[in-house]
Structure formats: C-alpha cells, structure tokens
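Please model the complete structure; the sequences and the hints are all you need to start from.
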Amino acid sequence: MTGKILVNEEVVPNVHRLVVEAANIALRAQPGQFIMIIPDSEGERVPFTLSDWDAEAGTITIFYQEAGVSTMKLTAMKPGESVHVVVGPLGRPTKIEKHGTVLVGGGCYGLGAIYPLAKAFKEAGNKVIAMLEARTTYIVYNEEKLREVTDEIIVVTADGSRGVRGHIKEGMKFLEARKEKIDHAHFVGCTFMMMLSAEATKPYGIPTIVSLNTLMVDGTGMCGVCRVLVDGETKFACVDGPDFDGHLVDWDMVFARKRAYEGEEDLAYQFYRCRRDGAISEAAKTQEAV
Amino acid sequence: MSKKSDGLTPKERMAIPRSKMPEQDPHARALNFEEVPLGLTPEQAMEEAKRCLDCRKQPCVSGCPVGVQIPEFIKLVGEGKFVEAARLIKETNVLPAVTGRVCPQENQCEGECTLFKRYGGVSIGALERFVADYERNNNLVEIPPKPKQTGKKVAVIGSGPSGLTVAGDLILEGHKVRIFEALHEAGGVLVYGIPEFRLPKEIVRAEVDYLAQQGVDIRLNEVVGMSVSMDELLEEYDAVYIGVGAGLPTFMRIEGEELNGVFSANEYLTRSNLMKGYLFPEYDSPLPPGKHTCVVGGGNVAMDAARTAKRLGAEVTIVYRRAKEQLPARGEEVHHAEEEGIIFQLLTNPVRIIGENGKVVGMECIRMELGEPDASGRRRPIPIEGSNFEIDCDQVVISIGAGANPLLVKTMPDLKLNRWGYIEVNKNNQTSVDKVWAGGDIVTGAATVIEAMGAGRIAAKSIQAYLTGQPQPSTEEEQEEID
Numbered sequence: 001m002t003g004k005i006l007v008n009e010e011v012v013p014n015v016h017r018l019v020v021e022a023a024n025i026a027l028r029a030q031p032g033q034f035i036m037i038i039p040d041s042e043g044e045r046v047p048f049t050l051s052d053w054d055a056e057a058g059t060i061t062i063f064y065q066e067a068g069v070s071t072m073k074l075t076a077m078k079p080g081e082s083v084h085v086v087v088g089p090l091g092r093p094t095k096i097e098k099h100g101t102v103l104v105g106g107g108c109y110g111l112g113a114i115y116p117l118a119k120a121f122k123e124a125g126n127k128v129i130a131m132l133e134a135r136t137t138y139i140v141y142n143e144e145k146l147r148e149v150t151d152e153i154i155v156v157t158a159d160g161s162r163g164v165r166g167h168i169k170e171g172m173k174f175l176e177a178r179k180e181k182i183d184h185a186h187f188v189g190c191t192f193m194m195m196l197s198a199e200a201t202k203p204y205g206i207p208t209i210v211s212l213n214t215l216m217v218d219g220t221g222m223c224g225v226c227r228v229l230v231d232g233e234t235k236f237a238c239v240d241g242p243d244f245d246g247h248l249v250d251w252d253m254v255f256a257r258k259r260a261y262e263g264e265e266d267l268a269y270q271f272y273r274c275r276r277d278g279a280i281s282e283a284a285k286t287q288e289a290v
Numbered sequence: 291m292s293k294k295s296d297g298l299t300p301k302e303r304m305a306i307p308r309s310k311m312p313e314q315d316p317h318a319r320a321l322n323f324e325e326v327p328l329g330l331t332p333e334q335a336m337e338e339a340k341r342c343l344d345c346r347k348q349p350c351v352s353g354c355p356v357g358v359q360i361p362e363f364i365k366l367v368g369e370g371k372f373v374e375a376a377r378l379i380k381e382t383n384v385l386p387a388v389t390g391r392v393c394p395q396e397n398q399c400e401g402e403c404t405l406f407k408r409y410g411g412v413s414i415g416a417l418e419r420f421v422a423d424y425e426r427n428n429n430l431v432e433i434p435p436k437p438k439q440t441g442k443k444v445a446v447i448g449s450g451p452s453g454l455t456v457a458g459d460l461i462l463e464g465h466k467v468r469i470f471e472a473l474h475e476a477g478g479v480l481v482y483g484i485p486e487f488r489l490p491k492e493i494v495r496a497e498v499d500y501l502a503q504q505g506v507d508i509r510l511n512e513v514v515g516m517s518v519s520m521d522e523l524l525e526e527y528d529a530v531y532i533g534v535g536a537g538l539p540t541f542m543r544i545e546g547e548e549l550n551g552v553f554s555a556n557e558y559l560t561r562s563n564l565m566k567g568y569l570f571p572e573y574d575s576p577l578p579p580g581k582h583t584c585v586v587g588g589g590n591v592a593m594d595a596a597r598t599a600k601r602l603g604a605e606v607t608i609v610y611r612r613a614k615e616q617l618p619a620r621g622e623e624v625h626h627a628e629e630e631g632i633i634f635q636l637l638t639n640p641v642r643i644i645g646e647n648g649k650v651v652g653m654e655c656i657r658m659e660l661g662e663p664d665a666s667g668r669r670r671p672i673p674i675e676g677s678n679f680e681i682d683c684d685q686v687v688i689s690i691g692a693g694a695n696p697l698l699v700k701t702m703p704d705l706k707l708n709r710w711g712y713i714e715v716n717k718n719n720q721t722s723v724d725k726v727w728a729g730g731d732i733v734t735g736a737a738t739v740i741e742a743m744g745a746g747r748i749a750a751k752s753i754q755a756y757l758t759g760q761p762q763p764s765t766e767e768e769q770e771e772i773d
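If you read the sequences in order, they're chains A and B. In this text, residue positions in the first sequence follow the numbering used here: the first is 1, and each later residue adds one. In this text, residue positions in the second sequence follow the numbering used here: the first is 291, and each later residue adds one.
I should point out that these hints are in silico values taken from the structure, not numbers from a laboratory. Among these hints, one or two may not hold up.
To be verified - Heads up, simulated DSS-like pairs for lysine-lysine below, C-alpha to C-alpha not over 30 angstroms straight-line:
| id | chain 1 | residue 1 | chain 2 | residue 2 |
| --- | --- | --- | --- | --- |
| 1 | A | K78 | A | K181 |
| 2 | B | K700 | A | K258 |
| 3 | B | K566 | A | K78 |
| 4 | A | K98 | A | K145 |
| 5 | B | K717 | B | K443 |
| 6 | A | K119 | B | K700 |
| 7 | A | K235 | B | K466 |
| 8 | A | K258 | B | K581 |
| 9 | A | K169 | A | K235 |
| 10 | B | K566 | B | K581 |
| 11 | B | K566 | A | K258 |
| 12 | B | K700 | A | K95 |
| 13 | A | K4 | B | K566 |
| 14 | A | K235 | B | K700 |
| 15 | A | K4 | B | K466 |
| 16 | A | K235 | B | K566 |
| 17 | A | K98 | B | K700 |
| 18 | B | K706 | A | K95 |
| 19 | B | K347 | B | K301 |
| 20 | B | K700 | A | K122 |
| 21 | A | K4 | B | K491 |
| 22 | A | K258 | B | K649 |
| 23 | A | K235 | B | K717 |
This is how it looks when you write it as structure tokens:
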C-alpha cells in the first residue's frame with residue numbers, strides 16, 4: 001500500500017533512513033526529483049529529496065533529520081504504519097550529461113541524496129568523485145552504497161577526525177593540489193553547506209548545480225512560497241527547480257525565506273511534544289477552546 | 291409550463307419584500323471561521339419563491355452559465371417541494387450548495403431578473419442554497435440510478451468546479467470517469483482557495499461524495515505530468531479533460547517581495563483552507579496572525595485573504611489601485627469585508643515593501659488618480675507624483691492574480707497555448723490535441739466557479755458527442771444556450 005513504512009532507522013545520530021512503499025513513484029523517479037510527505041492527518045506537506053528507489057520492489061528511500069514537528073512525527077512511526085500521504089515524483093529531474101569528471105558533494109541528508117546523482121553521472125560515462133562532508137567521522141553514512149557508483153570517495157570532516165579537515169572548500173584545495181580537473185559539480189545538503197560549496201567551486205570556474213530545499217506547501221506550482229532569485233529572476237523551486245546554478249542563486253534570500261516560520265515551527269514542535277507527553281490534557285484543551 | 295397555483299397577481303408578487311438572509315453578527319464573525327450567511331428558513335424560502343413572476347422569456351436562465359431551470363425550481367420551492375427542487379437543479383448543476391453560496395448572482399441570474407432594477411431580483415442564489423442544504427441536511431440526497439454502461443473511459447485532470455462538472459455530467463451518460471487530483475483533498479479551489487466562512491468544506495466533501503457514490507473514481511495525490519503522464523492517459527482513456535486551474539501566483543516585481551511576511555494569496559489561502567493553518571498548532575502548517583496585514587488587490591480572492599487575516603486577529607487594510615466602483619470583487623464580499631472592519635485604501639498602489647532583518651515592517655505606497663479608460667474599459671490608474679506614504683504593517687498578501695500552471699502543459703509539446711500560457715480551445719472546448727478537452731482557469735485565466743462549471747458543461751457535451759459518434763454541438767447551437 002502506498003505510504004506503508006518498511007524501514008525507519010537512525011543510521012547515524014539524527015539522520016534517519018525511511019523506506020516506504022510507493023510503487024508508482026519508484027517506477028517514475030529520476031535523479032534530482034523530490035516527493036512530498038504528509039506524516040499524519042494534521043500534518044504539513046513536507047518535501048524530501050529522493051535518495052533511492054526500487055521499481056521492482058515498488059519502494060522509495062529518503063534520508064531525513066529530525067528538525068521540526070513533521071520529522072519528529074516521522075521518527076516516531078514504525079515499520080508497518082503508513083504516512084498519511086506520499087506524492088511524487090516532483091520537480092525537474094537533474095540534467096545528466098557526460099561532462100568528464102563530475103564532483104557530487106553531499107552534507108547531512110545529502111550524503112544519502114547524492115546517490116542517484118552519482119549513479120546517473122557514472123552511467124552517463126563520467127568519472128565520478130563523491131565528496132562527503134560531515135562534522136565528524138561517526139556521522140558519515142551511505143559510504144558503501146556510494147562506493148558502488150563512484151570512482152572515488154573523499155571524506156571531509158570539520159574536526160579532521162577523518163579525511164580532509166575542513167569543508168568542501170578544503171576538499172577543493174585537496175583536489176587542486178593533486179591537479180584533479182573537475183568539469184561539473186553538484187551539491188546536495190543543508191542550505192549553508194550548499195552555499196559554501198558553491199562559493200568554493202567559483203574560483204575554479206566549475207559549473208555548479210545545487211538542489212535547493214526551500215519551504216513548500218503544494219509543491220506543484222501554485223503557492224509560490226518556494227520562490228528564489230536566480231540571476232535576478234524569480235524562480236519557483238517546485239516547478240523550475242529544485243536544481244539551480246549555485247553561482248547565480250541569491251543565497252541571502254534563500255536563508256531568509258527558510259527562516260520564515262522559525263517561531264511557529266518551534267511552537268508546533270513544542271506543542272506536539274507536550275501533547276505527546278501528556279502535558280496538554282484534554283481538559284486543558286477544552287478550557288482553551290472555551 | 292403550468293401556472294403557479296398560489297393565484298397571486300404580478301402586482302401582488304412585486305409587493306412582497308425581498309427576503310433577507312440572516313447573517314452572523316459582524317463583530318462575532320470577524321473572530322470565527324464559521325459561515326457568515328446563515329441560510330433561509332423554509333417559510334422565508336416559500337415567501338421568496340412567490341416573488342418570481344414566472345416570465346415567459348426566462349431571462350434568469352440565460353444569465354446562468356450552466357442553464358439551471360430557475361423558474362421551474364422556484365415554483366417547486368413555492369409549493370414546498372424542496373427536495374424535488376433540489377433534484378431539478380441537479381439536472382444541470384452538479385454543485386448547487388456550492389454555487390448557491392459563491393456565484394456572483396447579481397451579475398448572472400439575479401442580474402437578469404425582471405425585478406432586479408426596481409425591486410431587487412428574486413434571491414435565486416439563496417433559494418438554490420436553501421434547497422440543496424435542505425436535501426443534504428435531511429439526508430434526502432438520492433443517488434441517481436446507474437445508467438447503462440457504455441464501456442467508454444474518461445479521465446478528468448483536476449477536481450475543481452470544472453472537473454467535477456465534467457465528471458458529474460459524463461457519469462450520468464454511463465461512461466467510466468476517473469478524476470486525477472494533485473492535492474490530498476478533492477475540490478480544487480473550493481477546498482484550497484475559498485475560506486470556510488464562505489463555503490464550509492463539509493459541503494464540498496458532500497458534493498464530492500455524491501459524485502463518488504455515483505461511481506466517479508477520484509484518485510488523490512496524482513500529479514498528471516509527473517506521477518502519471520499524459521501519454522499514458524491518452525492510451526488508456528477515450529477522452530481526457532484538463533481542468534487544472536490557475537497556477538503560479540503573480541507578484542508585483544517591486545522591492546521587498548522576498549521578505550518574510552510577504553505571501554501570495556494562493557499561499558495564504560492554501561495554508562489557511564487546505565492545510566487548516568487557522569487551527570495551528572492543532573494542525574502543523576503555520577499561518578501566523580499578522581498585527582497589521584495589507585492585502586494588495588481588489589478581487590474576490592483579495593477579500594477572502596483579507597477576511598481570513600481579520601479572523602486570525604490582524605488589523606487588515608486592502609490596498610487597491612483603482613476606485614471603489616472598479617473593485618472586481620462581488621459587491622456582497624466588499625460589503626462583508628467592510629462590515630467586519632477591514633480598511634480600504636483605494637486609489638493606492640504599493641511602490642516597495644520595507645523590511646528589517648528580513649521581515650516586513652511596512653509598505654510604501656503612492657496615491658493614484660483615474661485617467662482615460664484602458665484596454666479593459668476601466669479607467670487607467672495613474673500615480674500622483676510626490677504622494678508617497680508609508681503604511682506600517684508586518685504582513686503583505688499579494689492578490690493580483692495568477693498565471694498558467696506550467697506543470698502539465700510543459701509535458702505536452704503539441705498542445706497549443708496562447709501567449710500567456712493558457713490552453714487554446716475551440717467553441718466546444720476541444721484543444722489542439724486529439725481526444726483532449728480543457729476548461730476553467732487553465733483556459734480563461736482567473737474566472738468564477740460557475741464560469742468554470744459552464745466550461746465543464748460545454749466540454750462534457752462535446753465529449754459525449756464524440757464518444758457516441760454524434761456531430762459536435764455546433765458553435766451556433768452552443769452559443770444560443772449560453773447567451
């Protein structure tokens with residue numbers, strides 16, 4: 001049944017792997033696309049980047065971090081239960097071409113989400129280097145899977161506990177030092193990581209794509225909440241994206257708009273926790289309603 | 291048709307005052323999301339029905355985009371046959387409880403009523419609403435007997451008013467009908483756009499259920515063009531109707547539109563209506579109340595957004611660049627908004643939105659005056675130089691329209707579009723692609739619920755002719771029916 005959870009596990013601290021039944025999405029998914037999930041009947045519509053799919057088994061995989069009420073609801077769900085709604089695939093697929101050497105860089109949920117990109121770029125005949133950015137060694141995941149579809153994996157950790165110390169920027173210097181020529185780069189991760197990564201490739205003149213993860217409501221080109229400025233033009237991440245030229249994105253706007261509901265997100269999260277823990281009794285709610 | 295049985299003379303009929311529908315008190319309703327007009331009582335409805343002069347030429351019917359048999363149903367109301375009246379309406383209008391509420395009757399049936407100018411037209415909308423509610427509330431809705439099945443299959447893309455009309459008409463002809471809806475609830479603009487206080491969602495659900503019970507298969511969360519392709523539909527179905535509605539919201543292209551606190555009306559209303567943001571945090575999608583919310587635009591959508599903002603607790607100002615007479619919204623909506631304490635800044639246009647730390651803190655506007663009529667026939671608003679002033683506000687809702695949704699049409703290279711991206715159709719609402727019809731906002735741009743239903747009706751007739759090998763309804767014939 002569409003939406004039935006098969007796997008919901010924490011792969012490293014606060015990164016969860018979710019596998020759900022969605023035969024139709026699995027059949028049609030293409031690299032770079034996203035889906036929307038509504039966890040339960042009171043839930044929001046939340047976009048997630050597709051990290052893998054299996055057309056035969058009729059399943060799709062996403063990676064997510066618990067960061068608000070919706071993802072908190074997701075982490076509480078067990079295999080056998082179903083999410084309220086799963087819809088997709090949405091967004092334009094990533095343009096997969098033969099560039100030569102392609103760098104796919106991921107951070108947080110992006111370590112999962114770059115897998116289909118790496119695979120597709122590899123299949124298109126590229127040399128594929130995956131750069132995995134993490135704060136520290138024990139939150140690196142998905143490595144084995146990525147190894148199957150890449151020529152090389154470079155791990156970059158902020159604390160230097162493994163691989164190159166630093167961020168993508170230092171990773172780029174590492175590649176420069178060994179005279180590796182990168183023809184195309186694609187980054188998926190949190191906004192901050194994508195911005196810094198796009199900045200890091202700019203001096204080398206490497207064409208760079210980022211997969212933006214803006215807020216969305218319908219995800220089908222109606223509400224306009226996902227608007228971003230790219231090269232001075234208003235674009236909608238849901239129907240024009242989510243892939244954009246990382247060097248042309250107005251990052252200040254992306255950041256500001258991501259924070260649009262910070263206060264409410266916090267309130268919703270606290271409200272859910274209190275209710276879950278029984279801190280808001282039915283009696284108190286009735287009182288409130290009066 | 292037979293004469294009315296009450297034996298009143300026309301003069302006596304004209305002497306009956308137009309019924310007034312009770313409404314929630316403006317002060318009370320500005321704080322809740324419950325419906326504003328409360329509906330007629332049976333006695334009021336029967337009294338109002340007596341006002342109908344039963345004109346031979348039936349100007350009211352010609353004013354109705356779907357041709358509801360108005361004098362006939364009103365006669366039944368007068369006789370107290372409310373359920374019969376409801377069923378008669380349903381022969382031509384699949385959504386009477388909806389259209390009775392949201393149609394701009396004053397420009398349509400009621401506007402054409404012989405009594406309109408001197409006495410006020412017969413309250414056709416109120417009567418339509420009354421009989422539909424009466425039938426539903428008393429559990430008297432009957433599912434029509436299943437017609438003989440033709441074995442033909444029709445796909446309808448979008449479950450808004452036009453799609454529902456096509457589905458409702460064609461299911462009665464014995465075809466298999468499946469609706470593909472991208473969102474997680476059926477109803478299109480009726481669920482995401484029109485607020486609860488104007489159209490309770492329970493009513494939309496009942497109307498959708500009525501179609502489902504007749505056998506219309508409604509597939510939610512299906513985004514045609516993404517989760518299923520048009521080619522697949524064309525392979526499986528004998529006819530496809532596109533009714534995907536309006537799309538990407540239009541912004542003003544002024545400074546500050548990216549600020550937090552700036553919404554498109556689509557976002558604002560979708561959050562409130564579809565996602566139940568007005569019940570946040572019981573529901574997860576936030577819709578923070580503004581302190582002072584400015585709504586830019588003067589259409590029905592702007593009124594809906596403004597009245598929603600008011601109910602969330604904001605002080606609300608509507609900023610519109612022309613004068614009151616040019617407000618595109620229904621008179622009733624404007625009146626309701628005014629009653630609820632919404633301020634109108636007319637002949638005013640935003641110049642830029644002012645932000646601090648990424649958030650809206652105000653809006654700079656300029657005063658306008660009206661010049662010569664423009665292409666739309668309305669007098670063109672011209673900025674008065676040096677009249678700039680600032681409004682303190684923390685939310686701005688942009689409600690100046692929407693463009694065509696590119697999602698589906700982009701996947702159909704052979705589909706002819708006009709220069710604004712809307713689908714081109716002929717008089718029978720056939721598109722340039724074989725077996726594909728279209729109607730509603732994706733053809734006309736923003737229009738009313740009943741106009742979309744009218745477009746659905748035309749397409750349904752054409753599809754029916756196509757599926758049964760009959761000649762297409764000729765344009766002349768079709769026109770006669772509409773005019």
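Verification of the hints:
no.: 1; hint: K78(A) / K181(A); result: 45 angstroms, violated
no.: 2; hint: K700(B) / K258(A); result: 28 angstroms, holds
no.: 3; hint: K566(B) / K78(A); result: 26 angstroms, holds
no.: 4; hint: K98(A) / K145(A); result: 22 angstroms, holds
no.: 5; hint: K717(B) / K443(B); result: 23 angstroms, holds
no.: 6; hint: K119(A) / K700(B); result: 27 angstroms, holds
no.: 7; hint: K235(A) / K466(B); result: 39 angstroms, violated
no.: 8; hint: K258(A) / K581(B); result: 21 angstroms, holds
no.: 9; hint: K169(A) / K235(A); result: 27 angstroms, holds
no.: 10; hint: K566(B) / K581(B); result: 20 angstroms, holds
no.: 11; hint: K566(B) / K258(A); result: 21 angstroms, holds
no.: 12; hint: K700(B) / K95(A); result: 16 angstroms, holds
no.: 13; hint: K4(A) / K566(B); result: 25 angstroms, holds
no.: 14; hint: K235(A) / K700(B); result: 16 angstroms, holds
no.: 15; hint: K4(A) / K466(B); result: 29 angstroms, holds
no.: 16; hint: K235(A) / K566(B); result: 27 angstroms, holds
no.: 17; hint: K98(A) / K700(B); result: 25 angstroms, holds
no.: 18; hint: K706(B) / K95(A); result: 26 angstroms, holds
no.: 19; hint: K347(B) / K301(B); result: 18 angstroms, holds
no.: 20; hint: K700(B) / K122(A); result: 28 angstroms, holds
no.: 21; hint: K4(A) / K491(B); result: 28 angstroms, holds
no.: 22; hint: K258(A) / K649(B); result: 12 angstroms, holds
no.: 23; hint: K235(A) / K717(B); result: 34 angstroms, violated
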